[in-house]
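The primary structure of each chain is shown beneath.
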Amino acid sequence: MSTIERLQPSEPRGQISPQLGLRVAILGGFALAMFAIIFFRLWYLQVLTGEQYVHQAKVNDQRVLAIPAPRGEILDRSGQPIVTSSTKDAVQVIPGALPVAVSKQAAEYQQELGKAQAEYIEAHERVKAFERQLSGRHTITHAQRLRLHQLRRLAAHIRLVPIPPLPASASSTRHLFDRLAPVIKLSPRLIDERVITGITKLPYAPVTIKEDAGRGALTYLSERRNEFPGVRQEPVAIRTYKYGEMAAQVLGHVGQVNEPELKTQAFRGVGQGTVVGQQGLEYYYDRYLRGTLGAQNVQVNAAGEPIPTALPKTEAIAGHSLRLTLDLGLEQESERALRQGISAAQAAGKPADAGAFVAMEPRSGQILAIGSYPSFNPNVFAKQLTEQQYSALIAGAGSLTDRAVDGEYPTGSTFKPITAMAALEAGVITPNEVFGPGPCIMVGGENFCNAGHAALPAMALVEALKVSSDTYFFEVGERANSHGNVIQNKARELGVGTPSEIDLPEEFAGVVPDRQWLARRNREEAQCKREKHVSTCQLLAEPGAPWTVGYNMQMAVGQGDLLTDPLQMAVAYSALANAYTHEGHGWVPHPHLGMQIDDTSGALVQDLSFPPLRRVNLNYGDLSLVMEGIHKAASESGGTSADVWAGWNQVAHPVFGKTGTAQHEGKEDQSWYMCYIEDHSRPIVIATTVEQGGFGAETAAPIARLIAAKWFGQAEKYVSGSSKTA
Amino acid sequence: MTPPPAASPIAAPAEVAVPRARALRMPLDPLLTLAAIGLGVCSLVTLRAATQHLIPGQPRYYVDRQGVYLLVGLALMLALSRFDYARLRHMAYGIYAALLLSILAVLALGHAANGAQRAINFPLFSFQASEIGKVLLILSLSALLVARARQLRAPGTTVRVIAAAALPALLVIVQPDLGSGMVYMVIAFTLLFVAGTSWRQLTAIVALVLAAATFALVLAPAAGVHVLKPFQEERLTAFLHPSSNPEKQGYQQEESKVAIGAGQKTGRGESSTQTKLNFVPEDHTDFIFAAVGEQYGFVGAALVLSLYALLIWRTLRILTMSKDLFGTLVAGGVVAMLMFQVFVNVGMAVGIMPITGVTLPLMSYGGSSVITTLLAVGLLQSIYVRAGASQAPRNSIFRY
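Sequences listed follow chains V and D, in order.
Read in the working numbering, the first sequence has 354 at position 339, and its numbers run on one by one without any break.
Read in the working numbering, the second sequence has 514 at position 116, and its numbers run on one by one without any break.
Bound-form chain V, shown alone (with noise of 0.2 Å):
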């Protein structure tokens, strides 16, 4: 019988079938089994191991996030401010909250970013390689001229990586920068852009789209945060350079730290997003300047969007300032100096498209002025920068390139000074001795001249300084060659092709040519045939060929293989100068810019030392007479760069000065000039040059003698030497 037949109707309750009553009994058992089995899994879950599950929310819901330390101040040596940080509000994006395609997107990009690099750097070295295998010859062929255009115009820009469109799976943040842009004033494409490459940098931190978006923008945003999910406001710190351009290679710049950059030395212990010296004195410097990072933990939702809530902060520390070295006045004017040279040579008809100069005081090394032209705008880092601007400023005759500390040059006759003291020293030559009649000599089957075949009558050393023979040094490096490397010693013992050590990341540690160094060329040479299988690696002109006399006589005058920057010429004629100032008893500063630290108040906080890099004993005898023969090559009629100097007062400020003219081939010579100026409490050594600009008394003699007007207050006057020697 069923179960429904005694449950009747009138059937009191209670007296179920039994049936039913075991069914329910199962129905009752089963629900106490569930209700058990939940109970446990609760306790589990909740009390067992709520631990963790506590820990793993946190994780869930809680970042911290950096508060920005300001960055400090750079100033010069008078405390006047140079670079300065400012907080603005900046709009951002978090990429936490856009769809996966976009993350892809990012990740092609970076690919192909990467493989533009290589091709960029591996055209840059063929280029050099290319260079260097004409440098060493004589002549130059058609085919040679062609094949290295067209090597440099490879080389001239890193590829054009197109940012992929945003993915078509990514409707809703198409919408989303497509109701962004005009809030704040950018194309959806360019927010677009600046996402990917924001994420490529720095993948999960939040993107900064626009630094500066104005109050309007700003409110707009922040009272319809439902309609921009993802976008938040952040305040950031602006770097602003007060001068623009002036300086900029030796400032440096800034920007976020990258991932790979977060691994070296340099950045240890920074946190992700900081904002770090990306080059020059702002790398440099860092550790003092970047402050140290607060800490603010904040609450934030699944969307990765931060939720007000009063969680511990930990503030930032301020930056410290950096005072420089640099006087800003004297800066300016040499800049300003610099460009005039450089218009007036362009005016001349020469190309004259690049320059720097180096002033600096010879007893301590400190650098007063220090610039290189063409410059950049480093503001333009500040904010962010496409993809077509950094590549306009990277195709920009190498506007990022301080030539002033990397710039690898022959110097022509301004290293003259240094093969005459070598020589007198080691006693190659008396000083009067008389050397190079005629407009060439020849050794070894080979003619080597002076500058526009002039023929210059035999005479002694300091005539030759005085009129810059080429011949008389032509014969000293021949003399030279066979008492070994009596010149290339003396220019490293003076700081020519030896690192000068300056406070920059980086500089050109110079090449002085020697036997050894010829040796070594030739075993990189054949290992790179070796690795690479190719017929030459063109690191020199004739591999395999043994030293000869030519390789010393073309180094006497500062020409052939010799390569330096005007850095380390400044740091050579300081050695000369402490050493004539001090009886032959000198030394050799260490350039520095970095003068002393300060705190946020302008207290001194450390002094930046920096003792000289080593003495030198020159004889007293011999330097006299180098530097007589340099002072009446400045001050005397028929030296070099007399006439530029014309009218100036040099019983109050003798000027040691000497010209010179690099030779390039295929190019306009380069113009040198170097010059040592006496004054018992503010001597200085001023090192320019223009590229492409010209004999040495026609465009850097004059841009010279600007810079010392200003630092000595005399009439300033722009006058373009005539004298047509090297």
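Mixed in with the good hints there might be a few duds.
Stated by the list, open to error - Quick partial rundown of chain V residues pointing at chain D, CB under 10 Å, derived from the structure:
| id | residue |
| --- | --- |
| 1 | S32 |
| 2 | R38 |
| 3 | Y68 |
| 4 | H70 |
| 5 | L277 |
| 6 | T279 |
| 7 | V315 |
What the hints assert, rightly or not - Cβ-Cβ distance ranges computed for the label pairs, FRET-style:
| id | chain 1 | residue 1 | chain 2 | residue 2 | range |
| --- | --- | --- | --- | --- | --- |
| 8 | D | A473 | V | K119 | 34 to 44 Å |
| 9 | V | T329 | D | L474 | 33 to 43 Å |
| 10 | V | P179 | D | E668 | 16 to 26 Å |
| 11 | V | F45 | D | Y459 | 34 to 44 Å |
Please keep in mind that the hints were generated in silico from the structure rather than gathered at the bench.
Even for Gly, the Cβ is constructed at its ideal location relative to N, Cα and C.
Fit chain D to the known structure of chain V by using the hints.
Structure of chain D alone, referenced to chain V:
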């Protein structure tokens, strides 16, 4: 009840009077009512905190609406308790027709919500036919069984009941609302179970269901045929390997576990984050138990579970109390609905059951779900009242 000492010698006539008086004083099962109202209050308290950031600027949006749903539901429950449920038996065909028509209407005009057509949007509310359908199905299947009371053990009865449930179940699964479809089938099975269908037939049904599930979830997808929609398959199998797809279905469950676990013994209260800040999706509807667990901890979760235990116990108790088979079966259907939804929903929140879109009765936000459950409670009340009105409670060994 202790009679007054003075009246004890003449207690006999009072014996009759007292239950009648009680029946009048107790027009509702007090414990059942307590459980229902208690859960409603728990729902409001939990929603208040869990939904305050969901719609910015409108922290009370969900609480206010849920409050209205509860009030409407309680009013309907009260009205239904005054109504003789037995009269519904005679409207069975109409009820079944209404069930099918409403589901078809949703399919036909349904508004796509969350990628599913489950509701028709009216100006003031949206009507989720599959929810109300649960009560309609209980009533029509119970009536069918009562009509075939004399052939309960005949396979024909079992087949008819299963078929009558399977038709609407398939229609809601197509919507797609797999959870409600499963509730329908569980209701049918439990009704057969309560009605006294033979163990052999019950075992056969279980075997068939297992075979069908294996086919739908394992064999057919392996052969490239998808009986269920992919997301349904994923949900059902995700809990077996939560870490394999943390981005999708596994993520919900993992976050739900984190939220509940983080609640620890007494909950995080105001400082709850996982459910408040949207880490647990649907924390006001399907995953509201996660919100309870995080905010009020083990204590709160245990309280809610105790209220469900009370509700289920009272339902089973009313099942046995019913004055007729129809009432017994209706209570059996309600118990099936409640147990399935509570255990599957809570089991899903604590990570021991697959994710199926079933609501937590009376707790989950949503008018259709709340009102359906309270209608079911109303039916129970009616059964209770009718049973109490005709009988002396003292005879019962199951006194509450």
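Do the numbers back the hint for V:T279, that is, is its least Cβ distance to chain D under 10 Å? Because about 34 Å separates V:T279 from the closest Cβ in chain D, which is outside the 10 Å limit, the hint is violated.
Taking 34 to 44 Å as the stated bounds, is the beta-carbon spacing between D:A473 and V:K119 within them? Cβ of D:A473 to Cβ of V:K119: about 54 Å, so the range 34 to 44 Å is violated.
Less than 10 Å between beta-carbons is the criterion; does V:R38 satisfy it with respect to chain D? 6 Å, holds
Hint V:H70 vs chain D: min CB-CB distance below 10 Å? This interface hint holds because 9 Å falls under the 10 Å limit.
Please check whether V:Y68 passes as an interface residue: C-beta within 10 Å of a C-beta belonging to chain D. Hint on V:Y68: holds, closest Cβ of chain D at ~3 Å, below 10 Å.
Between V:F45 and D:Y459, does the C-beta distance stay in 34 to 44 Å? Check passed, 38 Å falls within 34 to 44 Å.
Answer holds if the nearest beta-carbon of chain D is closer than 10 Å to that of V:L277; otherwise answer violated. 27 Å, violated
Tell me if V:S32 is really an interface residue toward chain D, meaning its C-beta lies closer than 10 Å to one of theirs. Result: holds, 8 Å to nearest chain D Cβ.
Does the beta carbon distance between V:T329 and D:L474 stay inside 33 to 43 Å, or does it fall outside? 57 Å, violated
If you check the beta carbons of V:P179 and D:E668, does the distance land in 16 to 26 Å? With Cβ atoms ~46 Å apart, the hint is violated.
At a threshold of 10 Å, is the proposed contact between V:V315 and chain D supported by beta-carbon distances? 7 Å, holds
Violated hints, listed in ascending order, are 5, 6, 8, 9 and 10; each of the other numbered hints is respected by the structure.
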